[in-house]
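Protein sequence lines correspond, in order, to chains W and L. Heads up, the final residue of the first sequence is numbered 280 in this note's numbering, and it's a clean run with no missing numbers. Heads up, the final residue of the second sequence is numbered 350 in this note's numbering, and it's a clean run with no missing numbers.
Hints listed in this document are in silico derivations from the structure and should not be mistaken for laboratory results. Please note: incorrect hints may appear among the correct ones.
[Claimed, not checked] As a list, the in silico EDC-like pairs of lysine to aspartate or glutamate whose alpha-carbon atoms are at most 20 Å apart: (1) K222(L) to D60(W); (2) K222(L) to E185(L); (3) K222(L) to D211(L); (4) K222(L) to D140(W); (5) K166(W) to D41(W); (6) K222(L) to E210(L); (7) K222(L) to D156(W); (8) K316(L) to D41(W); (9) K346(L) to D254(W); (10) K316(L) to D34(W); (11) K222(L) to D139(W); (12) K166(W) to D181(W); (13) K316(L) to E348(L); (14) K222(L) to D233(W); (15) K316(L) to E36(W); (16) K346(L) to D60(W).
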Amino acid sequence: MTHPGFEAQLDAYLDGELAAADARALEAHLIQCRECARFRDGRLELRAAISARVPAFQAPDVLRQRVRAALTTAARTRAPSRLSLRATWRPLALAASLAVVALGSWNLALQRAAGEALADDVLASHVRSLMPGHLTDVLSSDQHTVKPWFNGRLDYSPPVYDFAGRGYPLLGGRLDYVDGRTVAALTYGRRQHLINVFLWPATRGPRTAPRSRDRQGYHLLHWTTPDYTYWVVSDLGLAELRDFTLLVQGADSAAATAPTR
Amino acid sequence: MEASEQARFEAAVLPHLDAAYTLARYLTRNAHDAEDVVQDACLRALKYFDGFRGEGETSARAWLLAIVRNTAYSRQGRRRVDALATEFDETQHSDAVADEHPEGVLLQEDAKETLGRALDRLAPEFREVIVLRELEGLSYKEISEVAGVPVGTVMSRLSRARTRLQEALRKEEGG
């Protein structure tokens with residue numbers, strides 16, 4: 020056995036990741052301590068064995084060609100949708116609104132434009148969450164762990180449900196930023212797919228039924244209850260995402276009628 | 176996407192295709208799946224390219240490898256959740272460094288376990304740190320970004336994975 024804590028330090032030293040002062044202290048120790056020196060030798064042996072026998076691969080030419088072809092196709096088909104997402108979107112939306120004003124539907128157009136901008140925002144948050152390490156701040160399939168985690172982090176206490184029994188297990192929760200405010204985001208799984216649920220207190224207006232949008236291969240569903248504004252995003256098929264939405268709505272109305280909540 | 180933008184993307188990403196393929200090979204342990212993962216990852220990378228531009232600190236290599244890793248895990252949905260659970264509380268999962276597939280029977284039949292096989296049998300979160308460090312030459316900081324865990328976790332995972340591989344090496348030489 021080597022000295023506790025020294026193994027990781029020794030590895031960091033051998034990897035050239037130890038601060039200079041620590042490295043000097045470690046070198047001094049290695050001169051005196053035979054066991055730690057032996058440990059180091061073992062690591063050096065392993066390193067040699069890995070570099071001799073565990074190969075790095077070359078991407079096959081076929082793959083290189085496939086990737087290039089796929090990128091070219093994707094870049095071509097993406098061109099219009101990117102335009103709408105980029106800076107050019109606003110003037111375009113304005114132009115569209117002005118055109119509609121002429122037809123006398125000013126309000127409707129504005130609401131729709133706001134909804135589309137919000138959908139972009141929600142989708143961007145979803146995509147960001149798929150980057151490693153961004154999915155959950157609190158990782159738990161237990162709703163009684165996830166719900167209290169939000170206490171003190173938000174000015175509302177979002178309802179948290181687990182649908183593991185129905186094939187949509189709760190994976191965790193996190194704080195996210197949508198529409199200029201901090202919101203609760205809950206993550207659920209469905210086979211290899213991830214579902215993000217964004218919710219924040221509803222401000223005004225009547226309750227609305229779920230409405231779907233498609234963006235870049237993702238489905239978005241949006242609805243409002245008397246209490247909350249909901250957005251659900253996933254690359255899951257729309258039919259299953261609707262099923263999931265029904266579960267959330269069902270749990271919400273059950274909670275609303277339960278006397279304790 | 177404008178032609179110049181696509182050229183910029185290809186210049187940033189295509190030089191790292193070998194690195195991407197190597198990581199995918201070790202995560203999927205299968206040449207065919209690895210190709211699919213890399214192609215998928217490149218398309219995802221194209222989508223997120225705007226987001227990458229903002230983070231000047233991250234190297235294009237580490238950025239692409241992070242996407243490859245994520246793509247590989249989301250194809251193997253269940254394992255992704257396992258990996259996340261390990262991040263959540265490593266002390267409760269101290270066995271995680273052990274074999275992902277404890278195929279004791281197989282081992283006894285073939286005592287000559289190679290180093291490569293020992294690596295393949297590590298749980299993915301330990302396998303990936305070895306590949307990222309030893310084969311891809313990433314810094315601890317970069318590995319922490321790719322794997323989405325703190326540098327301290329990278330250090331402890333590397334250490335434990337190496338100790339495990341050394342045991343395999345010793346067995347190999349002894350047997």
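How the hints compare with the structure:
1. K222(L) to D60(W): Cα-Cα ~45 Å, so violated.
2. K222(L) to E185(L): OK: K222(L) and E185(L) at ~13 Å, within 20 Å.
3. K222(L) to D211(L): holds, 17 Å
4. K222(L) to D140(W): holds, 15 Å
5. K166(W) to D41(W): violated, 43 Å
6. K222(L) to E210(L): Distance of about 19 Å is within 20 Å: holds.
7. K222(L) to D156(W): Violated: K222(L) and D156(W) sit about 24 Å apart, past 20 Å.
8. K316(L) to D41(W): Status holds; Cα separation ~18 Å.
9. K346(L) to D254(W): violated, 45 Å
10. K316(L) to D34(W): holds, 12 Å
11. K222(L) to D139(W): holds, 14 Å
12. K166(W) to D181(W): holds, 11 Å
13. K316(L) to E348(L): Violated: K316(L) and E348(L) sit about 34 Å apart, past 20 Å.
14. K222(L) to D233(W): holds, 16 Å
15. K316(L) to E36(W): holds, 10 Å
16. K346(L) to D60(W): holds, 17 Å
Hint check: violations occur at hints 1, 5, 7, 9, 13; the rest are consistent with the structure.
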